[in-house]
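Novice: Chain residues, written in single-letter form:
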Amino acid sequence: MSAAVEQLRSEFDTVRAQLPGSVIAPERRSRAIAALCAQGLPSAREENWRYTNLRILERARFAPVDAHAEAALAQLPETPAGFARWVFVDGLLRSGTAAEDPGFSVRSRRSLPAALAPAWPLGSDLPEARLALLNEAFALDALAIDVHGPAAPAGIELVFVTASTAQAGTSYPRVHLRLAAGVELTVIERHLGAPQTGSLVNGAMHVELGEHARLQHYRLQQSAAQTTWFDTLAAELSAHAHYRLLSIGTGAQSARSTVHVRLAGAAAHLELSAAALADRQQSQDMYVLSEHLAPDTRTTETFRGIASGRGRVAFNGKIVVHPQARGSDSRQSLRGLLDGPEAEIDVRPQLEIYTDEVRCSHGATAGKLDENMLFYLLARGIGAPLAQQLLKWAFLEDVVAQIARTELRGEVERALSAQMNAAAMQELC
Amino acid sequence: MLKIHNLHATVDGKEILKGLDLEVPTGEVHAVMGPNGSGKSTLAYVLAGRPGYLVTAGTITYEGRDLLALSPEDRARAGVFLGFQYPVEIPGVNNVYLLKAAVNAVRKQRGEPEVDAFEFLSLVREKMRLMRMDESMLARGVNEGFSGGEKKRNEILQMLVLEPHLAVLDETDSGLDIDALKIVAQGVNTLRAPERSLVLVTHYQRLLEHIVPDRVHVLVNGRIVRSGDRSLAVQLEQRGYDWLISEAA
Ligand SMILES: Nc1ncnc2c1ncn2[C@@H]1O[C@H](COP(=O)(O)OP(=O)(O)OP(=O)(O)O)[C@@H](O)[C@H]1O
Ligand SMILES: [Mg+2]
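Protein sequences appear in the order of chains A and B.
Take the first sequence: its position 297, counted from the start at 1, is 296 in numbering that gives the first Met the number 0, and no numbers get skipped.
Take the second sequence: its position 189, counted from the start at 1, is 188 in numbering that gives the first Met the number 0, and no numbers get skipped.
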């Protein structure tokens, strides 16, 4: 057993009595730890974790942060009109009121009596679920969102703030989101952090979409620059459900998100658009597994990543088409842009097909800025730094243009250009 | 305006321009003709400063300055315009944004304030009408999905908005239908002025019926082998290049 796993078990033994049973039942926590100890923590020697900075796990403090940092709440962006907001600080729900309506309920499970807390499906049955198991073992709270009918607000905003350093422990945000049949919802998820705090975050989110449900899920990872950010997102889609996930990753020192989507019902559709920027020594790593388990299911994946400085960007998109998924359709357009001699990009489509009647197309490229385009702009008098920025901008457009909400798109554009400018400034210095 | 002396240039180690001499006085329109692969586009790229086009000998003087000492963007800001033989598509960079950024780059160089957005747009609209371009093209990506002819018109539109001192138009007439050729020629003619010079690279004498050149040069195998007045273009149309190629050899 490795030192990290040893540490993990001993920390668990120390805090287990204080972990709330309503969030995760004690037996499940113990099972999660046992499974983790048996499997070991992810390591960079494993193919799917090559680009993740896992060194922090060797000296991590796994016990959950139990600080009371309210200060960070002051500087949040404005809530979009018509949205209801819930804020987590270091994995604990800090603001946002419980909603209890027949059509719409949002509850912190920490506040529930243990007996009332229903079982939670996210856990050990996922491939690459070890970090989700870690969350399951230690989570201090979980937000359960159930939407049945029209009483829901226009949208839900989930804000995750980190305020404590990794020395104080890990934060384990946890969300369960369920949309009943036919329900439509927009969720904006933000990850922010107090500047100068190097936090360790290991989130878990589970999404369940009923038949014909439609979820538009925006995920903006803008964690503080020294943070290590891990996340596991699992989704299960019933027939004709449509899941649009749009993820923008600019923050953190090292970010890894593991996404596992099960297209369980006929004609379920995953539409994933993701963009990631890494500069300095940042790493942005995303692993997406989409399983086609029913006929006529669809996956549409668009990824655009830019690595500058000594940054690393990785996207591994695996699609598995099971025998029963006749008539399914999967498309991947994965592109990486290398912006500097020391930057690294790895974009990988992976396809496993166990039936004949399927349509699959994938394109994956990694390269530098197009010389022809660059010269065309220079020949019009546009200076090299601006020309490069315009082209990077254009490169991300396929993803950014998918943001239907104008105010959010503006915000994302500002965040992206701030980061790109910072990278350009660094080159000049 | 432009003086090229003994210009040698290589691309990927291969010498393409082999001692080219050319002089374009201010206010004149010159045509450069020549067989495929003779080095016309290479000349245009060298003038615009394209990376990879290495000048190994010779000089280029533009408005009394050493053009080769300037970066591509500084050449453009100093009034050199290249109309591309194959205009590049840049999806995601808005056409009107490019125009505005280009105009502002020139103004910044001259110490002038940025253009007024409203005035600029009405200027662009006016030029677009002249080029018979649909206004919806402004909102599209640069040349994105444009037909061959539309791309060429877009080059001329950019030229009209930028009002360069020296414009080098590389086969702007290729791929244009008969009406478009007239429209493009009209556009170019509006820019003819005593303080401005134009270099037209073309294969066809027809363009030169609409834009009458002061001089015609023939480029063969990296050198200007013959220069004359517009009747030279008519002669080439009838006789082809073989006689000049054998003379040059
Ligand atoms: N990267 C390169 N490496 C080697 N040779 C090149 C390269 N680029 C261009 N050339 C050669 O340089 C020569 C001149 O090309 P250029 O494009 O200037 O010709 P052109 O006169 O414009 O022809 P056209 O009338 O077909 O447009 C051609 O023989 C071409 O093959
Ligand atoms: Mg040419």
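Hints were generated in silico from the structure; no laboratory data involved.
Predicted model only: the values in this text are computed from it and were never measured.
Cβ atoms here follow ideal geometry from the backbone N, Cα and C, with glycine treated the same way.
A hint or two may mislead.
[Said to hold, decoys possible] For each label pair, taking beta carbons as the anchor points, the in silico distance ranges come out as:
{"hint": "1", "chain 1": "A", "residue 1": "A417", "chain 2": "B", "residue 2": "E208", "range": "53 to 59 Å"}
{"hint": "2", "chain 1": "A", "residue 1": "T78", "chain 2": "B", "residue 2": "S135", "range": "34 to 40 Å"}
{"hint": "3", "chain 1": "B", "residue 1": "Q108", "chain 2": "A", "residue 2": "E341", "range": "30 to 36 Å"}
{"hint": "4", "chain 1": "A", "residue 1": "A180", "chain 2": "B", "residue 2": "S135", "range": "40 to 46 Å"}
[What the hints assert, rightly or not] Quick partial rundown of chain A residues pointing at chain B, CB under 10 Å, derived from the structure:
{"hint": "5", "residue": "A363"}
{"hint": "6", "residue": "N371"}
{"hint": "7", "residue": "M372"}
{"hint": "8", "residue": "Y375"}
{"hint": "9", "residue": "R379"}
{"hint": "10", "residue": "G382"}
{"hint": "11", "residue": "L385"}
Novice: Now, for every hint given, state plainly whether the structure supports it.
Specialist: Here is how each hint holds up against the structure:
At about 54 Å, the beta-carbon gap between A417(A) and E208(B) stays in the expected band of 53 to 59 Å. Separation of T78(A) from S135(B) is about 36 Å and conforms to the stated range, judged on CB atoms against 34 to 40 Å. With their beta carbons about 33 Å apart, Q108(B) and E341(A) fall inside the hinted range of 30 to 36 Å. For A180(A) and S135(B), the Cβ-Cβ distance of about 41 Å falls inside the hinted range of 40 to 46 Å, so the restraint holds.
Hint status for A363(A): violated, given a least beta-carbon distance of 18 Å to chain B, over 10 Å. Contact between N371(A) and chain B, as hinted, is supported at the beta carbon level, the nearest pair being about 5 Å apart and thus within 10 Å. Here the hint on M372(A) is kept, as its CB sits about 5 Å from the closest CB of chain B, short of 10 Å. Hint status for Y375(A): holds, given a least beta-carbon distance of 4 Å to chain B, under 10 Å.
A cut of 10 Å between beta carbons decides the hint on R379(A): the least distance to chain B is about 4 Å, and the hint holds. The closest approach between the C-beta of G382(A) and any C-beta of chain B is roughly 5 Å, which is under the 10 Å cut-off, so the hint is satisfied. Interface hint at L385(A): satisfied, since its Cβ lies 7 Å from the closest Cβ of chain B, which is below the 10 Å cut-off.
In terms of the numbered hints stated before, the structure departs from hint 5 and from no other.
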